[in-house]
Amino acid sequence: MTDISILCPTGHLGFTPLEPASFHAGCALKPDVVIADSGSCDIGPYPLGADGQASPVAWQRHDLEVMLLAARRLGVPMIIGSASDTGTDRGVRQFAQLIRDIAREHGLAPFRMATIFSELTKDQVLARMAAGAPVRGLDGRADADAATIARTDRIVAVMGAEPICAALRDGAEVVIAGRSSDCAIFAAPLLNAGLSPATAYYAGKLMECASFCCEPFMGKESILGRITEDDIRVTAMHPGQRCTPASLASHAMYERRDPFREYVATGYVDMTDVRYEPWDEKTARARGARFVRSDRPMVKLEGAGKVGERRLAIVGIRDPYTIENVDAAMDWARARLAERFGPPGEAGWAVHYHAYGRDGVMGAMDPHRPARPHELGIVVETVCADAKRAEEICALAARNLFYARLKEVKGTAGAAALMSDEILVGKPGYEWTLNHAMPVDDPAELFRTAFETVDDGARKAA
Amino acid sequence: MRNMPTLRDLATTIRSKNAGVDHITFDVIFRERRDFERVRDSGVLSRAKVAGLYGIPLERVTDFVVFEPANAIKFTIRRERPSGSPGESDVFGAQQYAPLFDIEVP
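Protein chains in written order, with my numbering: chain A, 1 to 462; chain B, 1 to 106.
In short, the hints are calculated from the structure, not lab data.
Idealized CB from N, CA, C, for every residue including glycine.
There's no promise every hint is true.
[As the list claims (entries may be wrong)] If we take Cβ atoms under 8 Å as the criterion, some of the chain A residues that face chain B in the derived model are:
#1 Asp-42
#2 Tyr-46
#3 Cys-165
#4 Arg-256
#5 Arg-257
#6 Tyr-321
#7 Gly-429
[Unchecked claim] DSS-like cross-link-like pairs, simulated, lysine-lysine; straight-line CA separation at most 27 Å:
#8 A/Lys-282 - A/Lys-30
#9 A/Lys-407 - A/Lys-306
#10 A/Lys-122 - A/Lys-427
#11 B/Lys-49 - A/Lys-306
#12 A/Lys-427 - B/Lys-17
[Claimed, not checked] Over 10 Å on every C-beta distance to chain A, these chain B residues come out as not near it, computed from the model:
#13 Met-4
#14 Pro-5
#15 Thr-6
#16 Arg-8
#17 Asp-9
#18 Lys-17
#19 Val-21
#20 Arg-34
#21 Asp-41
#22 Ser-42
#23 Glu-104
Kindly produce the complete structure, drawing on both the sequences and the hints.
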């Protein structure tokens, strides 16, 4: 009977450093493959749009080094998905270079590495649209049109298991994948071993966030999955953690709208009838997933585009009268801004007042806005295409709170405390422009794979 | 009269988190089956109750699911703007659950 074990040390490689002790405990059980995802949309649209990274290189390198050394020592494949937070071509190249550097530093024996690229140019997407491929909106979004693409700076396609399966079949011992479905990077070796898509993708869904599927709550600790057909057993590797039916089931519903369906390029995992049982003290077992294949593969596209330059200022208010009337003060400030810079939106600028201490976290969704908080911290955020103008708007947006004209104010020397009369330079503002899916004939057709032998000796000789 | 217990008393996990870039999903999870059933059957959590609590139109509560395998009630709210856009204040959607704590359960 096919029986594959997978060790996963982190749900987002590099985001904070993984914990080596539980990973090494897992390595002692001789897993067949080590796998970690390195990307997430949770970090917001900036890293994708600006093609930067959200994690420090030192932590990415740390995590890759711990995994690579173990994988080469065990002689098993290592799979990394969504390289460097976003899975852009930059991320794949960066991780591939880190792998080469680590191999050289440790004098590792030669091994075969596959890099799988998933970035698409705007022209590629426009050409497919022109050829009649609809770019369907997900999560209630409208289908994309040329204007949607025009607002986008960078696009990644989200791969399913297919390109990774192919790379492994071609002998890759290390796979650095661009943007990929979290569950697909786990499914790939399981599918290659002959397990069903239901078992393969469902195992990936359960394991993708490492120790988040265990209790008590701990991040960055390893878990080991032992997978046979329709039988997935997940074990916590940290001595203080357990994987229980409750922890596994509650993870199955984590960060998703529909706890019964997990979509991948070729269909979805139906989790309606899954069952969770205790197995041993640290292990829970899951069974009963089904896979529903769609008529035509749909590949998800993620895209981000720049909205403008951002500037920030911090303003405090302590006067109880001003606090009670802070909405009027902000309205007055907005009106003065509109007089000088033209109507917001239309004139290409925006101001956002984040009133911490009242509803800075939840905004209009907060049902318990206190009428009289002791003090307010207002973060003034302005956005404008032109950086100098964004700065000027921000300065006026903050200072106008200082000069706010309220009828009965007693403190006539200033209605606000400026933490310092200083405008902070924020990262440019981006937005998620694409959360869409595009039909394809072959689920692997949008992705490009390259192979190399990482062999320091050969390079030295050359 | 004794006060009614709240969700905070009965649930072991109350959390919110991004579900993709356009939604925030909320999970209320119970260790004890009877607490889960009590809340499920009380009707204090429903699509309409949630919309009322957060002051949003009913259509923005896009999903409401009782998830038996985890003793959980789960609902999802559509964001006003995608996560991380300028003006947004909770890029992970991780701090939107607090108002659920004080819901009283008969």
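Verification of the hints:
1. The beta carbon of A/Asp-42 comes within 5 Å of a beta carbon in chain B, closer than 8 Å, and the hint placing it at the interface holds.
2. With its C-beta approaching chain B no nearer than about 7 Å, A/Tyr-46 sits inside the 8 Å limit, and its interface hint holds.
3. The closest approach between the C-beta of A/Cys-165 and any C-beta of chain B is roughly 25 Å, which is over the 8 Å cut-off, so the hint fails.
4. Taking 8 Å as the C-beta contact cut-off toward chain B, the hint placing A/Arg-256 at the interface holds, the least distance being around 5 Å.
5. Residue-level restraint check for A/Arg-257 holds (minimum Cβ-Cβ distance to chain B is 5 Å; threshold 8 Å).
6. The criterion of a C-beta within 8 Å of any C-beta in chain B is not met by A/Tyr-321, whose closest approach is roughly 26 Å, and the hint is violated.
7. About 4 Å separates the beta-carbon of A/Gly-429 from the nearest beta-carbon of chain B, less than 8 Å, and the hint is met.
8. A distance of roughly 17 Å separates the Cα atoms of A/Lys-282 and A/Lys-30; the hinted pair therefore holds under the 27 Å criterion.
9. For the hint pairing A/Lys-407 with A/Lys-306, the CA-to-CA distance comes to about 40 Å; that exceeds 27 Å, so the pair is violated.
10. Restraint check for A/Lys-122 and A/Lys-427: satisfied, since their Cα atoms lie roughly 23 Å apart, inside the 27 Å limit.
11. A threshold of 27 Å between alpha carbons decides the hint, and for B/Lys-49 with A/Lys-306 the separation of about 37 Å lies outside it, so the pair is violated.
12. Simply put, A/Lys-427 and B/Lys-17 have alpha-carbon atoms about 23 Å apart, close enough for the 27 Å limit, and the pair holds.
13. Once the 10 Å rule is applied to beta carbons, B/Met-4 is consistent with being away from chain A; the minimum gap is 18 Å.
14. No beta-carbon of chain A comes within 10 Å of the beta-carbon of B/Pro-5; the shortest separation is about 19 Å.
15. Chain A leaves B/Thr-6 outside its interface by the beta-carbon criterion, the shortest separation being 14 Å against a cut-off of 10 Å.
16. Under the 10 Å C-beta cut-off, the non-interface status given to B/Arg-8 relative to chain A holds; the minimum distance is some 14 Å.
17. Look at B/Asp-9: its CB is around 18 Å from the nearest CB on chain A, clear of 10 Å, so calling it non-interface holds up.
18. Under the 10 Å C-beta cut-off, the non-interface status given to B/Lys-17 relative to chain A is violated; the minimum distance is some 5 Å.
19. Distance check for B/Val-21 against chain A: the nearest CB is about 4 Å away, which does not clear 10 Å, and the non-interface claim fails.
20. With a least beta-carbon separation of about 15 Å from chain A, B/Arg-34 lies farther than 10 Å from that chain, consistent with its non-interface assignment.
21. In this structure B/Asp-41 is separated from chain A by more than 10 Å, as the shortest Cβ-Cβ distance comes to about 20 Å.
22. A cut-off of 10 Å between C-beta atoms confirms that B/Ser-42 is not in contact with chain A; the least separation is 19 Å.
23. Once the 10 Å rule is applied to beta carbons, B/Glu-104 is consistent with being away from chain A; the minimum gap is 14 Å.
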